[in-house]
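Chains as they are written, first to last, in this note's numbering: chain G, 627 to 747; chain P, 627 to 747.
These are computed hints drawn from the structure, not numbers from a lab.
Possibly wrong hints are sitting among the right ones.
Identical copies look the same in the list; a pair holds intra-copy or inter-copy alike.
Computed list of lysine to aspartate or glutamate pairs in EDC-like fashion (alpha-carbon distance at most 16 Å, straight line) [to be verified]:
#: 1; residue 1: Lys699; residue 2: Glu654
#: 2; residue 1: Lys652; residue 2: Asp724
#: 3; residue 1: Lys699; residue 2: Glu665
#: 4; residue 1: Lys676; residue 2: Asp640
#: 5; residue 1: Lys699; residue 2: Asp680
2 protein chains.
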Amino acid sequence: MQLNLNAAFSALADPTRRAILSRLAKGEATVMELAEPFEMTQPAISQHLKVLEDAGLVTRRVEGTRRPRRLAKAGIEAMDQWLAMLQKTLARNYDRLDQVLADMEETTEKTKKEIRRGEKR
Amino acid sequence: MQLNLNAAFSALADPTRRAILSRLAKGEATVMELAEPFEMTQPAISQHLKVLEDAGLVTRRVEGTRRPRRLAKAGIEAMDQWLAMLQKTLARNYDRLDQVLADMEETTEKTKKEIRRGEKR
Chain G
627 MQLNLNAAFS ALADPTRRAI LSRLAKGEAT VMELAEPFEM TQPAISQHLK
677 VLEDAGLVTR RVEGTRRPRR LAKAGIEAMD QWLAMLQKTL ARNYDRLDQV
727 LADMEETTEK TKKEIRRGEK R
Chain P
627 MQLNLNAAFS ALADPTRRAI LSRLAKGEAT VMELAEPFEM TQPAISQHLK
677 VLEDAGLVTR RVEGTRRPRR LAKAGIEAMD QWLAMLQKTL ARNYDRLDQV
727 LADMEETTEK TKKEIRRGEK R
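Let the sequences and hints guide you as you build the complete structure.
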């Protein structure tokens, strides 16, 4: 899993590969079908697809002589889960900070009241 | 933004950098504070932090002679949004497939009924 996450995040560091994933999210496509809109040669597309397949983000299906590629949901979800974990920890940390600030405010208010009471005497 | 996403995803392709981000999600820390649990030299940690800062995932604060690092929420959210967009497109595509399958099933049922009606005659 660790290794897969490395390869998955690395694969996403390229704008063409991100665009290929966006295209495949809409439905499966062959190398030929991908080469046209991207104005790239088929070998270039194949190379990007190989990186995406090795990272577990894309799978291929056999249909006669066609090899349509589709998005691998599990690979995308693995990255999503890692980011979600990070944001959850961050949110918990913010909540704790909020509590600290609220406690500080409360203490300040108490001190102010005590000072006012002292002044009145 | 495009450039930032490249650097951000690339930065996450390293397990040590992901671990540093997980640690910083819990609260800010200096290079010295990070070096200890990771059992790495301070220059090694500094180098990882530079990659994370350049990618917009970590920021530094000046506090006297200390330079505590913290997570940059916006950078994390940018990646999260890209993945969310991908999953939304994928879900929409699945919904459409479900509709196609439902339509096919309906047609099949109709055909079956017509065949049965034909047999009865």
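These are the hints, each one checked on the structure:
In the homo-oligomer, the alpha carbons of Lys699 and Glu654 lie at most 16 Å apart inside one protomer (13 Å), although the nearest pairing across protomers, at 34 Å, exceeds that limit. Only between protomers do Lys652 and Asp724 lie at most 16 Å apart by alpha-carbon distance; the minimum there is 14 Å, versus 42 Å within a single protomer. With identical chains, the CA atoms of Lys699 and Glu665 are never at most 16 Å apart, being 26 Å at best within one copy and 36 Å at best between copies. For a Cα distance limit of 16 Å, the shortest separation of Lys676 from Asp640 inside one copy, 13 Å, qualifies, whereas the shortest one across copies, 20 Å, does not.
In this homomeric assembly, Lys699 and Asp680 come within 16 Å of each other (Cα to Cα) only inside a single copy, at 14 Å, whereas the closest approach across copies is 30 Å.
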